[in-house]
Each structure stands twice: as structure tokens, then as C-alpha cells.
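Trainee: Starting from the given sequences, assemble the full structure and let the hints guide the process.
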Amino acid sequence: MVKKFFEWLKKPMGLIAVGIAFLALFSGFAYWLNTTQQSPDQPIQFPHKTHVAFGIQCLYCHPGASKGPAAGLPSQAKCWACHNQIAKTQSSALLAPLKDAVLAGESLEWVPVAIVPDFVQFNHRPHIAAGRNCEECHGDMSQVNVAENPQVMNMGWCLNCHIEAAGEDQEKLIKLSDCGTCHY
Amino acid sequence: MIRPEEIKMSAEETGKWGMVIDQDICTGCQACVAACAMENNITFVGEVDSGYGRSMHWIRIERFWEGEYPEVKMTPQQPMMCQQCGHANCEPVCPAFATVHSQAEQLNLQVYNRCVGTRYCANNCPYQVRAFNWRDYQRPEPLQNQFNPDVTVRRMGVMEKCTFCIQRIHKAQDTAKSEGREVRDGEFTTACAQACPANAIVFGRVDQPESLVSQLKHRRHGVKHLEELGTLPNVTYIKGG
Amino acid sequence: MSDKQHHAEHSHEEHLREKHLMLDPLPRGKMNEMVMEAMLAKPTWKWWLVFSILAAIVAYGLFYKWGILIMKGQGEAGVMRPDYWGIFLVNTVFWIGISHAGTFISAILRVFKAEFRRPFTRAAELMTTFGLVQAGFSVFMHMGRVWLAYWLFPYPNQRMMWPNLHSPLTWDLLAITTYLLSSTMYLFLPLIPDLAMARDRSTGWRKNFYKILALGFRGTEGEWTHLRHAMNIFAFAIIPVMFSVHTIVSWDFAAATRPGWNSTIFGPYFVIGALHSGMGAAIAVLAVIRGTMKNMSYFIRGEHFDAVGKLMLIISMGWAYFFFNDYMVQWYGGDKWTQQLLHFHEAGPMGWMWFAMLVCNIVVPWAILWNPKWRATPWLVATVGLIINVGMWFERYIIIPVSVTINRMPFTWKLYKPGIEVPMSIGTVALFILLYMIASKLIPLIPVWEVQEGQMAHEFKKFGRETVVTVSELE
Amino acid sequence: MAEKVDLLAVFPDLEPAANAVERLRALGVHDDRMNVISGVPVTEAMLGRAPQWTNVPRIAMGGAILGFGVGVFLAYIAPFLYPYPIQVSTQGFVPGPPTAVVLFEMTMLGMLLSTFLGVFLESFFPNYRPMKYLPEISDGKIVVFFECAYAEENKITDALKKLGAESVRPAEAQPL
Amino acid sequence: MSEQFSRRDFLKLAGLGAATTAILTGCGPASRYVKREPYQQMPEYNSVGQSTYYATTCRECAAGCGLVVRTYQGRAIKAEGNANHPLNLGKTCARGQATLHGLYNPDRVQGPSTGDWDSAIQSVADAFKNYKPGEIAFLMGMAPDHLFDLVGDLTAAAGMDAPIRYGALSMFESRATLSKAAENLFGQPGLPWFDVGNAQAVFSFGANFLETWLSPVAYTRGFVGLRQSETKLRGVLVQFEARMSATGAKADHWVPLRPGTEGLVALAIGKLASELRGGATPRIFSGVNPAEAAEQAGVELEALEAMAQIFASNAVLAIPGGAALGQSNGLETAEAVLALNALSDNFGKPGGVYLSALAPNQTEYSGPASTEEMAGLVEKMKSGAIKALFVHGVSPVFELPAALGFKEALANVELFSFATFPDETAKEAKHVLPDHHGLESWGYQRVATGVSQSVLSGSQPVVSPYYNTRATADVLIAAAQLAGGKFAEALPYKDEVEFIQTKLAALLGEGDGSFSAPDAATFMAYFQQYGGWFKNSNALIAPDGSGALNGSIEAGEAEFAGEGEFFFVPFVSPTLAEAGANKPWLQELPDPTTTVMWNSWIEINPATAHELGVEDDDVVKVSSEFGALELPVYRYPAIRPDTVAIAFGQGHTAYGRYAENRGVHAGDLLGARFNEAGDLAFGGVKVRVEKTGRKQPLSRMESIMGVYGVGLGGEEH
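Residue numbers (our numbering), protein chains in the order written: chain A, 1 to 184; chain B, 1 to 241; chain C, 1 to 475; chain D, 1 to 176; chain E, 1 to 717.
Just so you know, the hints here were simulated from the structure itself, not pulled from any lab data. The structure displayed is predicted, hence computed values, not measured ones. Among these hints, one or two may not hold up.
To be verified - Examples of chain A residues lying across from chain C (beta carbon under 10 Å, computed):
#	residue
1	V152
2	N154
3	M155
4	G156
5	W157
6	L159
What the hints assert, rightly or not - Far from chain E, by Cβ distances over 12 Å, these chain B residues were calculated:
#	residue
7	V45
8	E141
9	G180
10	E182
11	D185
12	D207
13	P209
14	S214
15	G222
16	L226
17	G230
Where is the CB? At the ideal position from N, CA and C, for every residue including glycine.
Mentor: Printed below as a string of C-alpha cells:
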């Protein structure tokens, strides 16, 4: 019986079956691996597109970017200041979490999209001061709803830009490519 | 691409940041040790491990004894931390480039995330000032609230050491740059120097002759520890009165 | 010529035959049969008992404890400030040292055409490979974040980082990798004809096993020619590799700015030390093979113990020379930390180990190996070999954890106390023996074709009244 | 072309095998049509045959050069592939003496690896197809495989038997 | 900022969450599992990613140093000295640095023992109403702070006994003795202030002013002045003490006196020095025989003469303190040493002796209670005269010597503890009403000594309360309102902040201040911003010591309890002290003299240890008449062979995971004998030391090999 099975495995049909089984296993694993890489849902499907279309500047909601390390998330008070006056806030199901959270005094738990590991000391301020625009790293927010990270934020990506920024300026290059500039 | 010949060897330089420690007035009160631990998220290791030479102090205060009772005397307390050598023994031996020389700040950097834990650097450090994370030491809730966000929280298997509070250097430089000026002497200091009740630790630019640390270094008869090894340390000790 | 004279002549030849394997030829088929019989002998319950005990030690001491070490960190071991390096690196140096015997026997003795090497080159080469496996394990045990060990190998990456070629550890890694690969290849090349032999004489799964391993070797003139050339290249080229490996291992210490370590003699001192322990281990392995496997007393005879014993004696003298050289210069230098260290070696808490090292490495071999009769006694020479290994392990222990106790910061001096290293070290020893046990059941431990080649080359020749042995140059 | 036949002759020892080779050659079997297989490295000279050509030393030399190249890359080029200067202590980017170590190790590694591979290439290893072979070879027999005209089979067989061949019979490829 | 913000509201950008989560998630993209909660209402002065700094007062000891605490996203990150604060000028000791390990200690009391604050306050109000005023006592910490004032108002109005302040540190500093000696000598009570920085030479009799005595940060600054000054030569420091402290270690000469003979030696030196200087020997020194004194003190006469030589050729500042005063003859010793200053004629002069400045809202000196007064309290508790005890800022069960019987006396009283941490007293308490941590609370504190100015140090919360704790002042105000009547009248405030504002309003019109403000609200804002208010001018009180040399002091022999052969010197651990043991990094700090961490040890002279047949780490049994302890030996080279010493600070039976069951409590060996000023004669016991045969390795920072040569081979020590 077992022997017959092994005999069958050696035939073309058997080989195909083995191939399919292997592929199924592999794709199952790949899918599982993929699920571990997915971020959980945001509490609100925040449409950046809409807000940018209204002409709201990035720094209005993320003012920390021009001042220090963290760009920051707007407080609910800031959201509510506008939304409170918008009739749709009361009716829209999409906005219900905001309304509920504000009324209940609960906080919204956002899932960070662009984040660097904690052994990297990133500071927004010098990047903004050097004339970088938000979209160079975070993508064009006028095109997306929920923010997505368009970059693989790894060291090579950081360095490429640093080296480009330094250009021929040796002193700047030394500073911008020093390990201790980001790692401490 | 930087051409190697354009990089100045730190041996030819005097370094950039330096410290002067006055052993005559150091009382060994441990305030610097505590300040360093608080600033740099240094973990405590408990009784057994600390007794077995596994404490994580980035700075320790050494003292010895001279003479016999009743003529016994404690030698001047000697705070010992990374000397930020210009010619550092720790750097070339790391196979992973986890400890390298900062061109910009002339410090010995320890890049935690690059460290694989061969511990060669610590072995080769004549000052024995490197601390290794022998375990994942736990800090129970809510002690983590105290973590300084400017300093990486190190994990098991990683070497660490005094950084001359490089996060403060960066912060001061960032502030100065945003205000369009140079960093002023004394504008900021390291956590240990900040805390020292006796002001026995002074930190600053050793490459600027007018800085306090340069003045002290030259005015008082400072010595550098194990200077004979050619390590070009950037910490100067003032021994006597 | 009288009968009596003839008889004496005859018995002299008999005597020589009995003594020397090379003069005591058996038909090739017979020898094959003997080797195959030894290999295929059904394991006894004793064999299984030893095997399962060793397997249990390996599973617990090596792998389980290693898992614990990785999970909980190096704190499980005895390392601390200032003893950042402990038994794991002692073991690394020790096993690399052991591995030197294989290369020494099969490469250097081959180059110099020392005929007594022939029956045990295989066992010695196995020791090289198996020893390096333990050394590799030990060096990875030592790492704080072993899961990132691949960062030490040069490969292009997005961080644009390459390993630091300034570091002796990187050289070490290159050298050990080179050595492990080349010694494994050097083990395999002369094994091919024997695998073909085993293929021809076995059935069942073994047939397939040897068939795959023998690669289709038949013994054509071309195959032999390629093999012979390759082995010549290996024999010459692997010698400098071997020297470089242990020299570089010594540089891990000698390049450091530490009292007692920063010594120019460390390179050759380590190499001779490696040979010392390696020969000791090789002779012990030979004695075990001879004692436990069938038909082996034919292949491995007193003459081999005698010859290796002589080598051991010479190497022991060489080791003593280098040791004294190192000691003398350090002592005379008068640096206060070095003085302190030397004093600590002798009078400190590990002083017993320092003296035990001298006894094991010098006194014992010199006291026993000078006597040709004792030298030809397998168990005695093997015991000396084991004692030398204990002594050499002590030497490495003194060089690493004992010496790093003393540095230029007396405020930090502390004595090392091993922790999880003990079961893990025992685990590596067990794995070493276990690999040998498995190998003895899977591959012919005696290179039959080399023995036959040697036997073909030897003959008696009469010079006047004297019957002597001559060896022809076959290659 | 007359019909050919593959034969093998088994000899117990080197001497008769060498004689047989000579005899075969005299009987008109060309050296190319002969193949001596033995369990010990019997050199061509012993058998009185033309020296075998081997490329192993050349391949080894090539490997050594390749390995040296890798060493040069690691020692002299890789440090300049960093987009940023990594300095350790006061040592140069390309440290002097250590490059010798890297060059040496890489050269040796390249040489030995290619030697090993050379044996494989030259001997067409691994090769698991059925081959002309006799298991007795590994027991010390020396077997001469040769190809001769069908018509001469008997003559040659007799001649070889006279020279000490234990048997002369048709050779067939068999699974090893 | 008091009650309007809930905790959730205050904090919550999970920067810290990121760090820990990254560890947990292993190989996954750590960032994806982190959640961030922005503020719902951004607090004032707060900006994302920017640190905010708040000035406050360090509450680790009673000295009253100013702190500036860096906060980030509602978390306190780092405490540093307040550079504007005249007491510490930006510096702190190790304990001040570790204050955050108290704030975020895993073992804080997380809420009232009753579960909710309403019933907890009700129980306080009930106590107010149910007990007669005389049956209620308040025991407070050493610091003269706003809460002390508030309780003082309450007790005064309600007819209760005035609150008592006490702390183990005041016992070891012998504050009552100092003040009493000042009163006897100068006719004016007060805490003497010694101008070490301007002195030519300092003779310190037992005062460990660099480690724990009165205000170590300020005195360290003085020490630096003594050693290094632009205007004078390097000053000489001579330390007289039986066991070398860190101060002794920094001294140029360390003279190991037999405990209890300090006064005698002071007089002998005075006599020798005045003889050297020529002229008549002052009356005070007439009765002393230097040779006999040297004999009694167990030192060579030549040593005293050498010291006298230094004394004669310098203007010497003589400081009495600590262990010298904790003897049955402590008051005489204090007077003798203080009188010695008259030889240098330095009363009220730079480099001399002053009485400490009074704080801005203080009219007369009031020190913490002496231990004898505490014994009186214990007596009252035992007799049932006191039925309800309110304890705040001190843990008497731990800090008082066990021989006083405080713990036993608690059986008769209803105990209310306001402890932040679960200390020994809170464990015994019927009601635990946890106060905020010092960094979460409002307040002010009078700086008792250490600075030439008159300083009122201010506190404010730097973070919102982490647990369900409540300010004791608020609890008392609420309870008083609930109890009504004279209680409510005594505390007619909305909350603690209003009380403080009311009290501070009195300073509004005062001139010469570090700042001035047009109205109370502005004053309060500045007070918070600068971390306090102080006068710019020197407010030290120059004492009248004219008669000092003409008195007569009988420096009688000290009396010792017990039959043991060793004098016993308990000393305060400078890093742990009475309340530091629960902070893990303070435990991990090496003791400055022995470098021991995480445990207790007994210091024995190596020669004595040899005689006793004990080695380092051998556990010995130390017993006095009052108790016995077992602890490992530290062979300390700088202690008299007839003396042993144990640090005070470990041996907690409660107080959280880092303190509990660690080391021994030196207080267990002490008796209940007092000196004439009422301070405990803590040096007045003799102990016996016996070998137990057990070993317990001490955790030391130093290498016993490298420092002492033990285990190196060859001769040791």
C-alpha cells in the first residue's frame, strides 16, 4: 500500500501533486508571514486626502515636526475644534469613533505608521530646517486616505539621502555620516 | 566619497570634548554615578550580579588605601569612566564596527544595535570601563516611565559605556544651530558633571583654549590615566591640591 | 651459511615484520575485509550504552544549556568584568589546538614521507574536522548576540557595512573558515578510494550511502592522477593555513593591550601548544581505536605509539622552550602589572593550575616518553596524551580567564568562576567523542589504499650481513 | 569498420598488468583504447603508459588568483565602498599588516577550494551512471579494460591468460 | 493642575510603550504593534516631543535642596539641581538623583486602605470628633514644610498637642544637642552653621558633613572652598572620629579617638594650643590634663600636640557633630568643641560659627524633636493618653530604636499613616491614606541650614499623580470640613494650594526678595517658576560667644551600656539613609567608603578581625544589651581596633521589594539612653562580636584582590 503510494509519487501525476502540496504549504507560510507584517487597523479610517484638500498644512496637526524630535499626533481637542462645527460629524458613521471618544473622554489609540527602531535617534527638526518636505519621506498625503509608509525606512535609505545632502561639503558629510549622529 | 587622506587622524588632534576631574575635591559621594544611571537608562543588576562584577555603572569611583592603622589614609577618590581615547584600544578590535571613532565629535561611539557581543572591546580597554548587558535585566512597572527617550534602552548581549552624554551634545548643538550660533562653553554639561556637588567634574571643549576645561587642564597640573599606553585619553585628572 | 645463521636471519625478519605494519603485508582483499569488519561490527550493548550516555550529555549539556544561554544571556556563564572572556574561548583555543594534530600528521608527515603515518592519517584528519566543529560551537557560544553572527561575514547589505578587517577576530573568522573548509576537503579527498572500496563491499542502505559519497570513483589512471596532484597541493598548502590559524588565534590575545598578553612569542607558542595537545589527543584516539575495534591491532602497532611518542617528546620540549621564553621575557621586563600577573599565576588562587600545567605538559611526558619500551605501550602513551591535554587546557585557562583577572585597574580585579560553561564544555567533549563513534561506524577509519601503497614500497635489502628495510619512492 | 568488442582482463598484481599493457600494445591495441583501473595509485610509469594530463594544478593556481582577488577586494576595495568613513582608533582605513592576513587567507581558501573542485571537474565527479568496473578492483586486482576487434578476441584472451590474467571477459557497464 | 486633570488625560504618548513592545514582538516589525494615544487636551506649556522643566524641592531628606525636573510627555525623566536655588546651586546628592525611582517605584501604596477616599476621609473626621483633642497626636517628618504649618494651625485651633517633627537623621545628626549647646553657650537656641568654605582649617569632631550631616550638598560646597580658593591657602581638614567616614577620608589628618572622648580631646587641644600661642590658659581648659586625655582617648600625646600645633597656627573652625554628640556626654562635648572656636575668635565671622538663618516665614528656631521627646510620646501611647496617632513623612517603627518600644505602643492607638510607600509604620497602621510622592505634590519648605540666606523652597507637582493617592493636606482639610466646628474654622481652605497661597501671601510685601510680585497669584507663579523665594542678603545670625572660654565644662566620661568589648558606631548610609533603601539604584550605588552594595556589613579593624579569627564575608553575631544582629564582616582598615561600625539604612521589614529583608537594622542594637539635650546616645552601647561560622559574600564594587590584596597570593593586607 505504502509502496504503491511511493510508486505513484514517482509518476508525473504524483510529481505534480507533490508540487502542488509544496506550493500550498509555501504560500500558506508566506501568507502567515505576511499577516505578521500587517499593521492593526486604525481606530478611524482617517482620510488625509480630504484634509489636505481642504488646505490644511501638515504642521497644523503635526506641529512638533518643526520644533523637535517627534512630529506628534493632534489632540482630540484639535480635531474637535473643527469637527464640532461640521454637521457631518454628528451623522457620519466613520466619524463616530471620534465623537464617542471626545464625549466619553477616552483617548484614541493610533497605530504609528512611520517609526524608526528605538536605537535610532531621529529628530524631525533639523530635517525640516534643512528644507526637506514632509512628502519626501512620508509620501504625498493628498493621494492617500489612511497614511501609509511609502519607504522602507532602513539605514541605507537614510544614508543615501544624507550623502546626497552633504554633496561636496566634507565637513557636512562627516557630520551626516557619523554613526553617532543617529545611534547613541 | 571621503578620501582617507582628508580625514585627520585624531592622534594629531587634541580631541574635541573633554573632562577634567579634580580628585582633590571629589568626596566620592556617588551623586555622579546616580545621575549617570538616571540620565542614561542604565539598568541595575541586583545584589548577586553586582557583587560578581556585573554592575552596569558607566562611572565608578575608585579608591585605595595607603598605610596601616592608625596612619591609614584613603587615596583620593578617582571617578573612572570611558576616557574617550583618541587612540582607543577598544575600537579596532571589534569585528562588527560596533565601536568606532566619531569623526564629528571625536568620541568613542558604541553603536548598540551593531554589537554582537564578542566583548573584545571591553577586554582590550585598559580602563575597564565598559559594561556588558549580561542578561535582560527587568525593570518592573512602572519604573520604565523614567526612561530617557533620548537614550537607547539597551538589551541583553550588548556592550555599553559612557558616551559623554552625547544626547546632550546633540541637543545643545541642535539648539545652537536653530538659533544660528555656536555652542557656548558651559551651555550644557554631562549628567555627572551637572550633579557633582563639589564641581569636581568639568566638561567642555578641549580644543578651545578659552573653555573652562582647557583652562583647568593647563592651569592645574593634570595627568591622564595610563597615558603611557598611548591611548590619548580625553579625561584629565587633577591629583593633589 | 649455516642453518642456524639462516634461522637467525629469518627470525630477525620475522621480528621486523611483526613490528612494522609496512613490512607485514596482507593481501588487499584481506585488509579490506578487516577494515569493513571493524566498521560493520554490530554495535554491542556497551557501545549503545556509551553512545546513549554521550548523546544525552550532548542533548542536555550542549544544546539544552545553549538554549538557556541564548535565552537568558551570558549572565548564565561565569563571565563578568574584568573576565569578559571565559571558558568558551578557552575551549575554542583548545579545540583548534586539537585540530592541529590531523593536519600535522597527514600534511607535514606526508610532505616529509614519514611512513608510520599511513594507517592513522584518517583518524587524525577526522580529529581536525571534529575539533573545528567544537571550536566553532564554542566561539558562537561566547557571543552575546549569536543570532547576529552573520554580521561578521562579508556580504553586501543595505547598511553598507562590511566586517572590520582591523579586528583580529575577523581575521580569526576568515582563518578558521578557511581551515575548516580545507581540512574537511583534505579529509574527503583521500577518503574517496576507501569509500569506493566500501561501496563495492556493502549492501542495503550502506551501498547507496557509499555510492553517493564515492562519487563514482573507479580508480582509473586519470582519477588517481588528479587525486594525487590535489593531495600534494593540499599537503603543502594546508600547512601554512594551519600555522596561520593558531597564530591568528594567538593574536586575539597578543594584539590586546593587556599585561601578559602583549607578547610577540605568542604566535609560535600557540602553534606548538596546539601540536602538543593535538598529538596527545591523536594518540589517545589511536589507542581507543586499537583497543575497541576489531582487527585494529594489525594496523596500529607499537611502532606507531613509539613514533608519535617521540614526536610528543620533541614537541613537549619545544613547548617548554617557548613557555620559558615567554615567561623569561615577561619576568625580566619588570612592568609592574606583568610582575603582578606572574605572581598571581604562581601564588594566586589558581596557582595549583599553573603548576599542574607544568607537570602535565613537561614533567609527565619527559618522564615517560624517553623510554622506548614505555613509549611503545599504547595505554601508557595514550594516558600521557590525555594528561598533556589536561595540561594544555589548563594553559589556555591560565592565559584567558586567569590572566584577565589582572589588568591595569586593580579596582576591578576579580576571579572568574565558571557557570553554565561546565556542562557546555562537557557537552563539546561528548559531541567530539560521539562524532568519532558515529564516524567509526560510517567510514573506514584506516586508509587501506594508503597502507597498501606503503607496503608495496617497503622491502628488505641485505647490506653485507645486515638485513635492512628500504623504502622506494613511488610518487 | 570491423566490429569491436570491449574486454577486460583481471590481473592479481602490477607486474603482469604492466606486461599485459605492453603485450596489448604489441597486439595492436592502441593506448587510447586501454584503461587500467586499480585500487592503489599505480602510476603511469609503472605501467609503462603515457603520462596522464591533469589540470588540477592549473585550476588550483586559478583559484588562488581568484582568492587573492577576493582578498584584494575585502582588504583594499571594501573599505572604500562605505559611503561614510569609519575610523577605528588611529588606524588607517586600510590597515597595513592586517591586509596581509586577509590576502593570505583568501588566497589559500581560493586555492584549496578550487583544487577540490578541480578534482571533481577533471574526474567528472560525481558520476553515478553505470560504468565499466569490477568490484574486485578495490581488493587489489588490477584490471585492464581494452577494446579490440571482434576477430582478435580469442587471440588476445589467450595471450593475456598466458601473461597471468585471472580472467579475460567481455566488459559491461554496470551500476557501481 | 491639581484635580482637574485625570491621569489618563495627562500622560500618554507611548514613547515608552514603544521601547518595551519592541522587545516583546521579536522578529515582527515592532513598530506595528505600538499604539499611540495623543493627549485629549494638550496641557499648557506642553509641546509634543519637547521636554518641560519644573522647579520643585527635593523631598528625599529634610535639607530642602531645589530641583528642576525634566518631564517629557507627562513623565518625569530626570531630576537635577535647581541652579537658582541658593542652597544647592544646581547640585544634588545621589539620593536626590534617585528620587525618580521613588516616584516610579513599583511598590508604592496605590490607594487608601479603605478603598475609596470618601470613607478614608470620613475615618479621619471621625477620629477628630471621637477623640478628645489631647488624645490625638501628629508625628511628622523632619522637614519644616507647609504641612507642618497646616497641622500646626489645626492642632492649635483644636487644642491638640503641637505636631512633632522627627527623623532618624535628626537623631544621628544630634540636632537637639547642637541647638541646646548653642543655647547654653550663646544664650540663643538655633542650629549652628559652620562656614567651612572660608575657614583656614577645620577640626571636625565626629561631624560627617560631606556625607549625611545637616546639609551635605551645601557643606560639600564649603569643603571645596576650604580646599580651593582664589583668596587663601589650601585649608586643612582634621577629622576626629573612631571610624573613618568619607569626611575623614578627605581629611588631611584623621585622628581615631575612642568614642566619647571627643570633648575631652577638644579641651586638651584647646589647652595645648593656647599654651603654644602663649598667654594665659583660658579657664575652660584649665581642668584638663592633655596626657591623661590622650591616654583616655587612646591616641598618642604627640598626635594631639601635632594637632594643637595646627590649631595654634591657624584660625580653626571646630565642628561638633554626629557620633561625637550621640554619647551620654554629648552635650558637654558639643559645648567644649563649640567653645574651642573662641580661641580662633570666629563667632559670627567669615570662616567661623553662625546660627543658621531663619526662613522667611519663621520667627524663631524650632527644630525636630529629640529622641527623648519621642520616648515621651511612646510613653503617652503606652499609657493610653494618646489614642489616635497621625504619621506623615517618617516611619517611626523603622527609624526609632527598637528599644524605645514604639511598635509595641502602637497596640493602644488608632494609627493613621500617610505613607507614600508601604513602610513598616504603614504596615502597622489601621488606616493608610497615601500621600502623593514629593514630585507630585505642592508645598513649600523652610531651609533649616546650609545657606547664608533666608530661604523658602517651593514645591509643585511635576507630573500628575500616578496612583490613587491624595495630598495629606487635602485630606486633612476635607476631614476638618467634615468634622466641622473648630476644625473647619482652623482650615477654611478649598484645598492645599489655597492654603499655600494664603501662607505665601504674607511674603508679598517683603523687600529684599529674590523676586517681587504685585499680587498673590503672580507671586505664586514666580514661586513655582523659581522653585522658591529667598532673601538676597545674608541672614545668618552672629552668635554672642564672648563668654565661651570662661565657662567650665566637665567633659565627663561617657557611659556605655552593656558588657561587650567593642564600642559601637552606627552611622547613616549616605546613599540609603532612612528612606532610600527602596530605590533600586540607590541600593546599587556603592557605599562611598566600603563600596558595598545591596547589603549590610560590619566594619572591623583587620587586626581585630584577625584576633577574632574572622575573615571578610564571615558572618558574625553582634549583640548588645538590647538586641543582636548577624551580618558579614568587612575588614575596614580605618576603624579603631576597639570599635565596630554598622551602617544604618538597611534591614527593612517592609518598604517594598528592593528594601525588604535586606541587610540588618543597626537601630536594633541601640538602647534608650539619652544625653542631656535629650538626643539619643546612639554611641553609648558596647557590643560583643562572635563568629558564627557562616559566610555571606558581600557585593562590593571594589576588588577585594586589587584593593586589599586578598586572594592574590603573598601577604594580605
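Trainee: I'd like to know which numbered hints this structure contradicts. Please list them from smallest to largest.
Mentor: Violated hints (numbers, rising): 7 and 8; every other hint is consistent with the structure.
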